[in-house]
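Q: As a plain string of letters, each chain reads:
4 protein chains.
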Amino acid sequence: MSRRTVVGVMGGSVCDERTARLARALGRGIARAGWVLLSGGRPTGVMQASVTGAHEAGGLTVGVLFDDDREGAAAGLDLVIPTGMGAARNIVNVLASDAVVACCGSGGTLSEIAMALRFGRPVVLLDFDPGAAFLDRCGSGRWSLAATPDEAVVQVRGFLADLGRA
Amino acid sequence: MSRRTVVGVMGGSVCDERTARLARALGRGIARAGWVLLSGGRPTGVMQASVTGAHEAGGLTVGVLFDDDREGAAAGLDLVIPTGMGAARNIVNVLASDAVVACCGSGGTLSEIAMALRFGRPVVLLDFDPGAAFLDRCGSGRWSLAATPDEAVVQVRGFLADLGRA
Amino acid sequence: MSRRTVVGVMGGSVCDERTARLARALGRGIARAGWVLLSGGRPTGVMQASVTGAHEAGGLTVGVLFDDDREGAAAGLDLVIPTGMGAARNIVNVLASDAVVACCGSGGTLSEIAMALRFGRPVVLLDFDPGAAFLDRCGSGRWSLAATPDEAVVQVRGFLADLGRA
Amino acid sequence: MSRRTVVGVMGGSVCDERTARLARALGRGIARAGWVLLSGGRPTGVMQASVTGAHEAGGLTVGVLFDDDREGAAAGLDLVIPTGMGAARNIVNVLASDAVVACCGSGGTLSEIAMALRFGRPVVLLDFDPGAAFLDRCGSGRWSLAATPDEAVVQVRGFLADLGRA
Chain A
0 MSRRTVVGVM GGSVCDERTA RLARALGRGI ARAGWVLLSG GRPTGVMQAS VTGAHEAGGL
60 TVGVLFDDDR EGAAAGLDLV IPTGMGAARN IVNVLASDAV VACCGSGGTL SEIAMALRFG
120 RPVVLLDFDP GAAFLDRCGS GRWSLAATPD EAVVQVRGFL ADLGRA
Chain B
0 MSRRTVVGVM GGSVCDERTA RLARALGRGI ARAGWVLLSG GRPTGVMQAS VTGAHEAGGL
60 TVGVLFDDDR EGAAAGLDLV IPTGMGAARN IVNVLASDAV VACCGSGGTL SEIAMALRFG
120 RPVVLLDFDP GAAFLDRCGS GRWSLAATPD EAVVQVRGFL ADLGRA
Chain C
0 MSRRTVVGVM GGSVCDERTA RLARALGRGI ARAGWVLLSG GRPTGVMQAS VTGAHEAGGL
60 TVGVLFDDDR EGAAAGLDLV IPTGMGAARN IVNVLASDAV VACCGSGGTL SEIAMALRFG
120 RPVVLLDFDP GAAFLDRCGS GRWSLAATPD EAVVQVRGFL ADLGRA
Chain D
0 MSRRTVVGVM GGSVCDERTA RLARALGRGI ARAGWVLLSG GRPTGVMQAS VTGAHEAGGL
60 TVGVLFDDDR EGAAAGLDLV IPTGMGAARN IVNVLASDAV VACCGSGGTL SEIAMALRFG
120 RPVVLLDFDP GAAFLDRCGS GRWSLAATPD EAVVQVRGFL ADLGRA
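Residue numbers (numbering that gives the first Met the number 0), protein chains in the order written: chain A, 0 to 165; chain B, 0 to 165; chain C, 0 to 165; chain D, 0 to 165.
Treat the hints with care, as some may be off.
[Said to hold, decoys possible] Example chain A residues on the side facing chain B (calculated, C-beta under 8 Å, incomplete): (1) Ser-12; (2) Val-13; (3) Ala-32; (4) Ile-90; (5) Gly-106; (6) Arg-117; (7) Pro-129; (8) Gly-130; (9) Cys-137; (10) Trp-142; (11) Leu-159; (12) Ala-160; (13) Leu-162.
Note that these hints are calculated values from the structure, not bench results.
No experiment lies behind these values; they were computed from the predicted model shown.
Note that the Cβ used here is the ideal one computed from N, Cα and C, for glycine as well.
Please build the complete structure, drawing on both the sequences and the hints.
A: See below:
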């Protein structure tokens, strides 16, 4: 069995300092856990911050891009996958992830959370709460709230264990 | 200027009687207003009900399908657009709509609401409330709550007027 | 049975006068036959020419756009479907068509011909011949060569009859 | 600069022994060259054979799947990317590749060759010739014919050098 475990990190393409700091620490935690970090792969916001974190901790990083070329790829990506599909690539991010961590974001991030839960991917929300009225309606995937990157990694580990991916 | 105004109707592929009744009346209202009704085009739930309503009122109906063939198309569709793209076609539904009406649904519907607001499409929520904590975060699109199909049509008309599509 | 028959017209986004003239006459022929004309919907080349022809003959026209907004839509389109999916929307063009007519084009057009034949859609090549070494390899769809728009319409009619869509 | 060079291998989901043997040797050659092998990732035909070859030579393998789950993934894949997009994922395969090697295939493979050349990706055709009447029309990408996997690897290396990816 060679397949690597993939953890997707979603979040705003624009974000404040606090969110960027959390996303970077999360990226480091994902890499140290031995998981592949997958993101939307753009050079801004949560995408860049989480890739930077994973890359500096020596992890494998994958970016699935909105664009059809590699110009707009985040620094530190090992694998750049341009799609030219715009927002339709959000579904690829979700389906390719064994589990998703969502940082603070807006419509794009929220659509990814909704699709993740609908397709049974567990979602950890890091310092971000769009409300149970939304989360509980999305589908069969399980979700949890985490206050810190360390807590997020622990929760991801728990969800992966439940899925049989220790 | 020949372009027709398109109103997308989103909602669960499984729904209760009440939601189906609302969706059917909504479809009739959309057709009577002279708008094209666009939906996910499957023969179940809100998709079938809204198409049935629009079709019986003589409106033009378009279905953008999850599947790559036409076998699973709702009855009463004038234009069947199979995509074979699965959930990635949700973004097409949203982008093709001048305005969206969302009926009760789960993850798929919620992802469509999120993408609609992120891409500046107005959204009317018919007898469905996923919470302002979610809706206000999604983006630049405006949203409103409607209790009845008639109210939804009035709200859509208002949004379209603001967009210069009287 | 309300479903309309859809004929997709593919071809270069840049084309010479001769090809544009053929595409426009083809569009008129498709509209007069009572079929819906579907194209990539951009305001250039074969896309604009075929839409212009169908529109001036009173036909219903649908454009499935590369882009995520309607700014770049051909004049004369009744239904504009932005996808934001770039070249991935080519597959939608193909799957949504009961039959395809391909005018002179390059990689995008050739990929659409290949996908059409692979998914069993008949293809008429109007004044365009990419070679049997290519066409015969593509799949189960049938193809034919037409020298004029009238001949193309006759061949489409034959293919549709074989598919039970007289 | 961390980005890995990606070579996409395209070809039939059904293939004969000879093609499978060539694809497997090609996969080994790609891995030995230090490139990532990307394919459609299904457990059949050229996809499985090339992944098997790369995996047994210790290379990193990526599969971009037609399906929305991982059940139908080829053995030996390190990264499984389900898309649920059906044939629309072909464009992702192409755009994610620095260069493409096409083995014997039909419509799906030919659409990928067309898109690769249209988007400027170089294409090496291994023991497969769909005709210059097709290849020369596709676009700005360069192509060459190779009789053996070793020759294909040499040709890919040449194309990559021209692109500045030695």
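Q: Now tell me if each hint is right for this structure.
A: Hint check:
Given the 8 Å rule on beta carbons, the hint for A/Ser-12 is violated: about 11 Å separates it from the nearest Cβ of chain B. Annotation: interface hint on A/Val-13 violated; nearest CB of chain B at approximately 12 Å, more than 8 Å. Interface restraint check for A/Ala-32: the shortest CB-CB distance to chain B comes to about 27 Å, outside 8 Å, so the restraint is violated. The closest approach between the C-beta of A/Ile-90 and any C-beta of chain B is roughly 5 Å, which is under the 8 Å cut-off, so the hint is satisfied.
A hinted interface residue such as A/Gly-106 counts as satisfied when its beta carbon comes closer than 8 Å to some beta carbon of chain B; here the least separation is about 3 Å, so the hint holds. Restraint check, A/Arg-117 versus chain B: the minimum CB separation of about 2 Å is within 8 Å; hint holds. A distance limit of 8 Å between C-beta atoms decides the matter here; for A/Pro-129 the minimum to chain B is near 5 Å, and the interface restraint holds. Satisfaction of the interface hint for A/Gly-130 is found here, the shortest Cβ-Cβ separation to chain B being roughly 3 Å, below the 8 Å cut-off.
With a cut of 8 Å, the hint placing A/Cys-137 at the interface with chain B holds, because the nearest CB-to-CB distance is about 4 Å. Annotation: A/Trp-142 was flagged as interfacial toward chain B, and the flag is violated, the nearest CB pair being 11 Å apart, outside 8 Å. Proximity of A/Leu-159 to chain B is violated relative to the hint, the smallest CB-CB distance being about 21 Å (cut-off 8 Å). A hinted interface residue such as A/Ala-160 counts as satisfied when its beta carbon comes closer than 8 Å to some beta carbon of chain B; here the least separation is about 24 Å, so the hint is violated.
The closest approach between the C-beta of A/Leu-162 and any C-beta of chain B is roughly 18 Å, which is over the 8 Å cut-off, so the hint fails.
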